[in-house]
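*Asks:* Protein sequence lines, in the order shown, are assigned to chains A and B. Quick note: the first sequence uses this note's numbering, first residue 1, plus one each step. Quick note: the second sequence uses this note's numbering, first residue 1001, plus one each step.
Calculated directly from the structure, the hints in this document are not laboratory data. Please note that a few of the clues may not be correct.
[Unchecked claim] Reference listing, derived: stretches of chain A covered by chain B, where coverage requires no fewer than 3 residues with Cβ under 8 Å from a Cβ of chain B:
| no. | region |
| --- | --- |
| 1 | 3-16 |
| 2 | 183-191 |
| 3 | 205-212 |
| 4 | 215-221 |
| 5 | 226-232 |
| 6 | 309-320 |
Cβ atoms here follow ideal geometry from the backbone N, Cα and C, with glycine treated the same way.
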Amino acid sequence: MKFALNDEQRDFAKSLDDLLGAADVPAAARAWGEGDHAAGRKLWTRLADLGVHGLCVPEDAGGLGATPADVVVAFEQLGRHLVPGPHVESIVVAPVVLAAADPGALERLASGELVVTLAAPPHTPYALDADIADLVFLLDGSTLCTGTAGALRRSVDTARRLFPVSAGERLAALPADTVAAAFDAAALACSAQLLGAGERLLAEAVEYAKARRQFGRAIGEFQALKHALADVRVGLDFARPLLYGAALSLGSADSARDTSAAKVAAADAAYRAARTALQVHGAIGYTLEHDLGLWITKVRALVSAWGTTSVHRKRVLAALSTA
Amino acid sequence: MNLDFTERELAFRDEARDWLREHVPAGPMPPLDTAEGFAARREWEATLAAARWSVVAWPEKYHGRDASMVEWVLFEEEYYRSGAPVRAAQNGISLLAPIIFEHGTPEQQDRYLPAMADGTEIWAQAWSEPEAGSDLASIRSTATRDEARGGWLLNGQKTWSSRAAFADRAFGLFRSDPTAERHRGLTYFLFPLDAEGLSIRPIPQLDGHPGFAELFFDDVFVPDADVLGAPGDGWRVAMSTAGNERGLSLRSPGRFCAAADRLLALWRERGAEHPHLRDRVVDAWLAAQAYRLYTWGTVTRLTAGGDVGAHGSVNKLFWSQLDVGLHEVALDLLGPESELRDEPWLDGYLFSLSGPIYAGTNEIQRNIVAERLLGLPKGGRGR
Ligand SMILES: Cc1cc2nc3c(=O)[nH]c(=O)nc-3n(C[C@H](O)[C@H](O)[C@H](O)COP(=O)(O)OP(=O)(O)OC[C@H]3O[C@@H](n4cnc5c(N)ncnc54)[C@H](O)[C@@H]3O)c2cc1C
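Chain A with its partners taken away, still in its complex shape (with noise of 0.2 Å):
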């Protein structure tokens, strides 16, 4: 029994880390959302390179096969350095989508070539960034379509370009299972990602708290503060070790059960990293010039993406219920 990242589990992390830190990813996210894809394509590429966009494409395909816990962990860094783009639809979905419509893409969607996007109405009824993805799927029960994007829906957050989609060639009849494997790898890729931008954020008001003085000291001396951020620390903490649960029973009978459980704890986790960060830095926070605020809206709309936490918490009680 071993319930801890292994070394190179740790490596990669960190060379995501080093790659994604040394560049202006916040830039490339405002300039993501104003249509200005050139900065974000960059980095799409520089990930992929390191292997990113391989990790749910099976070895034979020219992909890693890794494991969903490798998954959990790209996706944190995804999410602490709020990278724009259609990455757990591609990453994680789209293997499962061109595994049955087009086997021959995998190969170029692993090495990052493919922008690949779709529609999964109830919980995930608008596209992510359907204008510049090469292929656009709408995924309906278990019915899946090629699809045709509507008109751009503005998100909360703003690198968020979302699209509804219209049914086009009907392609496959995807089984039920694999539609539900489908679903719980991308919650649990979202909960990854809202737990990477918790941890940025508990990081960037910590950071303020201790530069930051009033009263002739350091914010960061007061109780009020201190006991806030120390709740988002507990919160983030127990939130980390249900994702990594999630990713060892992904696929089997607790499949739906513990994705669930990672999603509702990583969006309150996150949700609370978000509105404490946004206390802590008053009134600076709440404007559009610092990037706090990109932290705080991409949190707010991914607590509802592939499944809000209600629907989680519904889907929890199901299983409990019946077991």
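Model the placement of chain B with the ligand on the given structure of chain A, informed by the hints.
*Replies:* Below, chain B with the ligand without anything else, positioned relative to chain A:
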């Protein structure tokens, strides 16, 4: 990363499960904080000890099974799942014993550990004083040297000592050098609760049971042989117990997992009447699950040579809030019956309310998390 147990660990778990299934007394025991409840547990814990299940992680020499930490956590899960009661001996086993193993002389180990393991000597913790709770370093009770008899004379008052009215012995800190500054000049003593010059007054708690006791010391003699660690070094010795109290040892996940299972059973029974409580039931179960997995992470870290450190404070904050939350939602599910004194959930609830206070209040834990883990500056106050 995995959650797979070895054959050996699984065999250990199964053996514990089978034994517990056969031996755990049926039906609830009287409350721990009453004379009858304490006596009933003494008997039960003697049964546990006779089959060598009372201190599984200790060496065989001291009645243990040399169980690994993984096996210990598995045992705790089985223990609470079987419906077995909270241990009367827990303060000694989880707070004092680690210190005796680490700082005790071989004579002290031989003298105290076996009697603790088999339940013949049950220990109470005597740290708090009326003027020293959160600010433990401000204790005033004194220890003065008695050269002639080769020991110390204790004077002063201790309070909130859990079940000292029923226990046999106690461990506590006394100021042995009045000139030294706060954290220095404290000494860690072991003493019998029926010592001459020591009087004990039980104090009823919120649940009506005499779970607390106040201790008054009037020239209580303790020989040098019962000083734990070096004289004057009591703070350092004591702080290693505080780590245990806040960390893994006092609140193993089994307790919360078992309570969460009971909560789900209650939900199946009563949930239809209270659909709006759904989310809170889920959150309570989820927190217990998070606690269980977090513990496995801690076990992995400790097994690899890491330590708990200030993460113990994160842990304490979480379990204490989880415990209150679990019980609050259960009471809400019970509706008007929840106020009845013979409702077991109510007992659990009243006990859970003390979690954010003892073992270092949650405000103190948040200060520790903020300062030691987040690196925020110390404010203008002591500690
Ligand atoms: C059920 C139970 C069992 C116990 N068992 C034992 C036992 O066996 N042996 C023993 O020795 N003691 C025991 N205690 C005592 C316990 O350790 C103390 O109650 C605890 O340390 C708090 O001290 P206090 O009660 O004096 O509160 P105080 O220290 O007076 O605190 C009162 C309030 O002020 C807050 N406060 C104090 N300082 C700060 C600060 N720096 N920052 C922010 N807030 C602060 C506290 O958080 C608390 O909310 C037990 C307590 C309970 C409830």
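*Asks:* So, for every hint listed, does it hold in this structure?
*Replies:* Cross-check of the supplied hints:
no. : hint    : verdict
1   : 3-16    : holds (count 5)
2   : 183-191 : violated (count 0)
3   : 205-212 : holds (count 3)
4   : 215-221 : holds (count 4)
5   : 226-232 : holds (count 5)
6   : 309-320 : holds (count 6)
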